[in-house]
Amino acid sequence: MPLPIISRRRLLHGSSAMLVGSMLPAAVRAAGTAIRVGMIPDAGATQISVDEKRPLQEYLASKIGHDVDLVIPTNYNATVEALGNGSLDFAYLGGLTYVQAHARYGVIPLVQRAGDQRFHSLFITQGDSAIHALTDLRGKSFAFGDTNSTSGHLMPYYYMQESGIDPERDLKYRFTGNHPATAKAVGAGIVDAGAIDESVFHAMVDAKQIDGSKVRVFYTTPPFVDYVWVARKELDTKQRQSLAQAFLALKDPRDKTVLDILRGKEFLRADDAEYDTLRGVARKLGML
Amino acid sequence: MHALIIAWHTLLAFFPPDLSPSYLRYVWLPVTQTVGMASAGMVVALCLGIPLAIYVGTRAPGWQGIVGMLSALRAIPDLTLAILAVVVVGLGPAAGMAALAVFYTAMVGKVFAELFLAAPQAPLESLRATGAPRLAVALFGLIPLTLADLLTFGSYSFECAMRASVIVGAVGGGGIGTELVGAVNGLDYPRATTLIVILALLVTSVDTLGWFMRKHPRIALVLFPMGVATMLLNPPQVFVLRHALATFAGMFPPLLSTKALAALPALLWETLEIAVGGTALALLLAIPLALGAARNVVHTAITAVVRRVLDVSRAVPEIVWGLILVVMAGIGPLAGALALGIHSAGVLGKLFAEAFENVDTAPVRALEATGAGRLPIVAFGIFPLAIGPIAVHTMFRLEWNVRAATVVGMIGAGGIGEALYNAQQHMHYQQMMAYIAATWLLVILADVAGERVRRRLGWNYVAT
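For the record, the sequence lines run as chains E and X.
Heads up: the first sequence begins at 1 in this note's numbering, then just goes up one per residue.
Heads up: the second sequence begins at 1001 in this note's numbering, then just goes up one per residue.
Just chain X, same shape as in the assembly (with noise of 0.2 Å):
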């Protein structure tokens, strides 16, 4: 009951938002730090991505060994990749955008590949018997058959790394994200909430821009002027290249101490905890929230209101929440999993929304028709109807939790993650190198679990 009662007092101290003229002119710096990281992020992510997913989309020579590449890459943690190039290119934003560039260029690599693999191969087939070159077979071809896809999935990419940017921003990459950490240390709480606004404003109008693009792919261009400008207005502080390497080689080779090394299992283990536990909350969660916001199921009237709260939940990552968990709820894996948690209902939220106003509308029309109340309907008609997207939802949830737990074990809830940023913080980059390696085959891990159960239970989903 104590704890409660403090927490309350620790929640009511994020109100009100410093809104006041002078802070808001102090965070334009920061915001637009943030911004520029995430455009710089997506415009090498796009240039070096798109390359290397044609290549594999052709099926060049040797496709085979830069989807492993892709793959491995990918499951390196934001936060991971951000802890690495604060320390071998320094602080600020320059790090944040190396950080984002390496892991987006990853994501979109592998995602655009994916999607360009998939591509229907007839009309492939004949634009190659015209005896066209591979660049044109892409152009021609792959790019125009996969275009409504790419630009989801791109624009999607976009938002998240507009969230990203904020993770990396923690650990010294610049923008909101060092802000928000600052203020929430510094127990600068009404500030922190004005940071979480402003990052929820931006992570909804980069949403809607995302929409936006999607009917005017030309809108995407837009990015390019600001990247680039963001990367020559913020190029790394210092950078030289004999320090960074020897930093780096220093990291190597990977070690363990004995004792480390035993307690290595019960670590990891935490970590699936807090990903098992937050993918659970949020499906607890997300359920009633989702009926809520189905607008079949409930007056648009409500369905409007609980789509905000959907929105908010989405638009702030799993660190801040877990920042402001840890905070509240003390440090530990609770704080982690609630984080997760929180995060995630927003997320399945939404898609479980869409998936009960998906549901084919006969067998709820023929439970109407017996004269069954909302809630027999509900319960029995459009729920059951529901259950296999639902599911295959929360499982691909919990495979993004289980990096995520990593994540959040950085701000002190626990894990591995936690061991991973308590190396780094005492300069044992050995250390921090198997940890590093320890979370990656995890996340592998999980993936390629994860891909195995869909696929024994013939969820065929296409995964963007």
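Looking at chain E on its own, in the form it has when it is part of the complex (with noise of 0.2 Å):
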């Protein structure tokens, strides 16, 4: 049973109902008409991170001739749960995320970037370090993104499970949620090794968020099948199409600003039979 703490008796007691009523107008949201498009938050879910991808909201909302709200919900399930209660029409999922939505809501797959077909993850570690190879990683600590990751965790977890190490036993291993975290807890030898998504290892060494000479790729795996846009099951064909012929209709350079966001250069159609490999993975490691 919680006690009660006794307030302070000080500050100005009238002005917090009124900065509190003064609150009321500022939480009137637009109507509910919006298509609402979702991310799943593979670098970080804020108020912050939503604005930085206006552009490609603004650029969905005029292809398709609707309002667009952008949604970033705070971890993978919740982006996989919306699309099955319908507070979310279409979403950006990675490649288990994917299977996952398919088997629970029957999500239909619909554009993927051209390299996500052929999608690598990279192995990370401190420019110093001594691990070389994979088998080096026997008693390390070691870093994967969000459990829920594709290239942060499923497939890391299974090429190294393919080359003789098992991460239960063999690493101390932690789970950081995205993939920027990853190369930041490596980056500061908070872990000693990580497993990280290539597209956004390569934007954020373009950038100089990480230092290329202080983090370095030792291992890359064999290619994967990974992000991809879906829709709800329940939206028409001429809705998904718009979609699709939205990001199927992106040329570089002319819509640098967006395919820069989405860290891509050019969109392909996405079936699901693509997935059939990675379902089998994830099977075989209990996550579907």
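These aren't lab readings, by the way, just hints derived from the structure by calculation.
Incorrect hints may have been included.
[What the hints assert, rightly or not] Dumping the calculated DSSO-like pairs for lysine-lysine here, alpha-carbon to alpha-carbon at most 30 Å:
| no. | chain 1 | residue 1 | chain 2 | residue 2 |
| --- | --- | --- | --- | --- |
| 1 | E | Lys53 | E | Lys284 |
| 2 | E | Lys172 | E | Lys53 |
| 3 | E | Lys251 | E | Lys208 |
| 4 | X | Lys1215 | E | Lys172 |
| 5 | E | Lys208 | E | Lys53 |
| 6 | E | Lys238 | E | Lys140 |
| 7 | E | Lys63 | E | Lys265 |
| 8 | X | Lys1259 | E | Lys284 |
| 9 | E | Lys140 | X | Lys1215 |
Starting from two chains that each stand alone, build the complex the way the hints lay out.
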């Protein structure tokens, strides 16, 4: 049973009531008619990260001729559930979240970046570390991204197992929640090594958010299929097509701002059969 | 040593907070959502909890059943309720509100019911003797008799709801909590600091508002328009009853694999370790802090400073300390115990300071008369005299921390909470339900054990 905390007898009591009252108008939100587009928080989820993606939101709205709300849920699971309960119409998912959402809610794959069909995870460590191969990871501390991340958990985990490392026994691992956090954790020496999405890693090196000389890639996984844009199954073909077309029409360098946000060069159509191998891996690791 | 240096650098990265006008504009919406969620949760809790409590308080038929139901509901941690609400109601403040409404209905209902049951019976009997119906007995007997306690507890739970709205936000329930988790995960530490400062200010102003409310109960009516407005402005984005029920039904029956079942005792043990470790740390920190905050021990210039420190550590909920500590100290039970320790030190420090200030003055003056110095007076006078309340408060905190330990577990601090969160993340909902059931049993056991110990030791302390 909690105990009451008796309040301090100071401060401006009346003004707190006024402050609280004045907040009401600001809470008014736009009517809920907009198309709701979600993105897994692969690079963190805040009001600011939504705002950085404003050009994407405006581009999509102009192409499909409808207001678009961009939503970045706090975690991968929430994004999938939102497609299930209808609080999102379209979403950007990772490979694993896609197969989960497809199995549970029958979401329909639309488009993906050319690179997503041959995606890689990078294993990174500090520039001066003694780790040069997967087998050097024994006894080391290690960072995965979100537990539902394909390139930050599922595939790196799988390829470690394939090369004889049992993460459960051989590593002290933790989840950072997203890819930039993994890069920072490795860069700061909080962990000995980590697994990261290649497109996030390269974008961070290019933007000088991490020092390419301090963080070194020591292993690149074989290619696998990853990110995809999906629609919830209740949407009709016309609605699905209009979003797919918006992505397929993106051209570098004309739409560079939007493409940079999406960390891609061009978009291709995606289909469910591509994911069969990944589905097998996810089942094998008990994640589907 | 290396780890300490890294921790220090990480701490520095949280400063200075981002106070740029553009960011403060951004956080305005989350802040209003948080205030609204807490108000709406309280409005629902009061509307449902008070009638339930009156029903129990007038000992209407089947009141014991309602007490049992409320106790059972109250043992589900708020974060767990929020996770369920996000799955069922969808993302955003509607889910947060739903979770808070359930949690605080149970809390208000149970505590108010206890207050009503403990009310002096003689005046009630005489009211009944006039042939007054039950409702009249409640309105003119129960409520006036217990009004002071109702208001104290009511305003305290509003303060808790404000903190809890951050907890439910952390799993996608909207408001500051969602922003804060996003900022920490995105390594945006200066903005995380801004949000923590805003939260501390909110909790402190609610605390002040509560003090004002106890003097002028009508202020409480402010809650209603705010709560109702938030409910109207943040309806569930989409609420498909069939989907919600199907998802919920899919979580039953709770199921654990043989391997997971074998690991369960170790997980529960780890959660208990976090709770006990956190409470022990809080006790160690709180005693010196409380001495520094007690006006009859040190000069008021010092108590003013120490009291601010206590306010801050108390205003920031365990889960937020946990988020920071997981970044600094790494993932694991240590971060969880530290998080509970820091928050509880703030709570206990304040309560202990009051205990020190309220000791019987006669023995202390007798000591002073012997010419004893400051230190012996504290060590042999004030401290031993306050040992009773200190023990009771610590005991209550330990019970509370068992619940809190499951919550901090979900952000990577280990134990059953982490297992629960991982099962939810992987959509193994039957497994998640099994962990929820285990958590629930653990919390109930802790509450029952605490009550037994107190009764045996004769600590009949009013629980509110």
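Right, here's what the structure says about each hint:
1. Our distance criterion of 30 Å between C-alpha atoms is broken by Lys53/E and Lys284/E, whose separation comes to about 36 Å.
2. Only pairs whose Cα atoms come within 30 Å are accepted, and Lys172/E paired with Lys53/E is rejected, the gap being roughly 35 Å.
3. The straight-line distance between the Cα atoms of Lys251/E and Lys208/E is roughly 25 Å, inside the 30 Å bound, and the hint therefore holds.
4. For a cut-off of 30 Å, the pair hint linking Lys1215/X to Lys172/E is broken: about 55 Å separates their Cα positions.
5. At roughly 20 Å between alpha-carbon atoms, Lys208/E and Lys53/E fall within 30 Å of each other, so this suggested pair holds.
6. Between Lys238/E and Lys140/E, the direct Cα distance comes to roughly 51 Å. Violation of the 30 Å bound is thereby established for this hinted pair.
7. Taken as a hint, the Lys63/E and Lys265/E pair is honoured in the structure, with Cα atoms around 18 Å apart against an allowance of 30 Å.
8. Only pairs whose Cα atoms come within 30 Å are accepted, and Lys1259/X paired with Lys284/E is accepted, the gap being roughly 16 Å.
9. Taking the CA atoms of Lys140/E and Lys1215/X, the gap is near 59 Å; set against the 30 Å cutoff, the hint is violated.
In terms of the numbered hints stated before, the structure departs from hints 1, 2, 4, 6 and 9, listed from lowest to highest.
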